[in-house]
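First residue of the sequence shown: 1, per full-length UniProt numbering; consecutive thereafter.
Do not rely on the hints blindly, as some may be mistaken.
As the list claims (entries may be wrong) - Once the Cα atoms are required to be at most 20 Å apart in a straight line, the calculated PhoX-like pairs of lysine-lysine come out as:
#1 K86 <-> K281
#2 K180 <-> K149
#3 K270 <-> K309
#4 K199 <-> K180
#5 K270 <-> K281
#6 K172 <-> K71
Stated by the list, open to error - Label pairs and their computed distance ranges (CB to CB):
#7 G82 <-> T228: 55 to 63 Å
#8 D247 <-> K145: 28 to 36 Å
#9 G282 <-> E23: 20 to 28 Å
These are calculated hints, taken from the structure and not from any lab test.
Positions of the beta carbon are idealized from the N, C-alpha and C atoms, including for glycine.
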Amino acid sequence: MNILTTLREQLLTNNVIMPQEFERLEVRGSHAYKVYSIPKRKAGRRTIAHPSSKLKICQRHLNAILNPLLKVHDSSYAYVKGRSIKDNALVHSHSAYVLKMDFQNFFNSITPTILRQCLIQNDILLSVNELEKLEQLIFWNPSKKRNGKLILSVGSPISPLISNAIMYPFDKIINDICTKHGINYTRYADDITFSTNIKNTLNKLPEIVEQLIIQTYAGRIIINKRKTVFSSKKHNRHVTGITLTNDSKISIGRSRKRYISSLVFKYINKNLDIDEINHMKGMLAFAYNIEPIYIHRLSHKYKVNIVEKILRGSN
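Work the whole structure out from these sequences, hints included.
Here it is in structure tokens:
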């Protein structure tokens with residue numbers, strides 16, 4: 001399959017984009033981004049590069065073309081149909097010991113060099129000219145300078161697939177190592193989690209992970225050592241924002257429960273505006289997915305079906 005020819009045919013046949021627009025994006029697509037920032041969950045701000053409407057259409061079609069061609073490892077839980085942060089946490093819920101690690105500036109660390117390596121590993125062979133055009137459709141040029149560095153953007157519809165695909169070699173090797181030693185391994189985007197019931201088994205993993213990352217990506221992707229955390233049943237264990245309980249279940253955690261309860265109380269007393277009500281509905285839906293028994297308890301607390309009504313969308 002010629003990827004670019006297939007993409008062009010899909011877009012032009014359906015009059016989704018004009019020929020000259022597509023040709024322009026093949027040459028300067030990496031410049032067609034709107035850049036803004038949003039607050040991070042704990043501190044600082046995250047830069048989001050959002051593709052133009054035409055480029056986004058191209059990327060969505062390209063995503064559909066590449067998806068069946070690129071291997072994604074079974075240990076990957078982010079951006080995979082039928083999987084969620086809940087499924088990711090459940091893998092580790094029966095383990096006493098947990099190790100969490102994190103890739104630094106993950107999406108923006110992924111470059112055309114890494115993608116080219118990934119394409120070869122998936123038996124996708126393109127000419128230099130085809131590769132350059134493909135990279136213009138996938139990557140973002142923050143500097144907007146001629147021959148400026150291209151990186152994967154947070155905000156592009158094709159970034160999730162590319163990020164999972166380029167991690168396949170790492171995921172496979174580290175998962176094989178873990179399987180031999182009775183360790184569970186999952187990766188949720190840039191968050192990697194290891195768990196086991198065998199004491200001290202996780203101690204050497206950070207060094208193994210760092211060495212493998214260097215060997216596989218030549219220093220382009222690195223570990224954020226500040227976020228490497230060991231935990232056990234003696235301490236609070238969290239995986240992708242979900243609490244692991246000592247009875248091998250998952251929970252939204254005490255602080256979230258208190259927060260949600262306060263929102264419902266304010267709602268009953270008509271002290272929430274529209275945005276706050278929508279936020280509360282989202283939190284309730286999240287809680288119901290992770291820990292439905294908490295929602296039942298919350299309903300009993302207020303002695304009316306107010307929580308069920310909120311979840312159903314009733315006023």
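Status of each hint after checking the structure:
1. K86 <-> K281: holds (18 Å)
2. K180 <-> K149: violated (40 Å)
3. K270 <-> K309: Measuring from Cα to Cα gives roughly 15 Å; hence the hint holds.
4. K199 <-> K180: Holds, at about 15 Å.
5. K270 <-> K281: Distance ~15 Å between K270 and K281 Cα, so the pair holds.
6. K172 <-> K71: Measuring from Cα to Cα gives roughly 11 Å; hence the hint holds.
7. G82 <-> T228: 55 to 63 Å: The hinted range 55 to 63 Å is violated for G82 and T228, with Cβ atoms some 30 Å apart.
8. D247 <-> K145: 28 to 36 Å: With Cβ atoms ~56 Å apart, the hint is violated.
9. G282 <-> E23: 20 to 28 Å: Check failed, 42 Å falls outside 20 to 28 Å.
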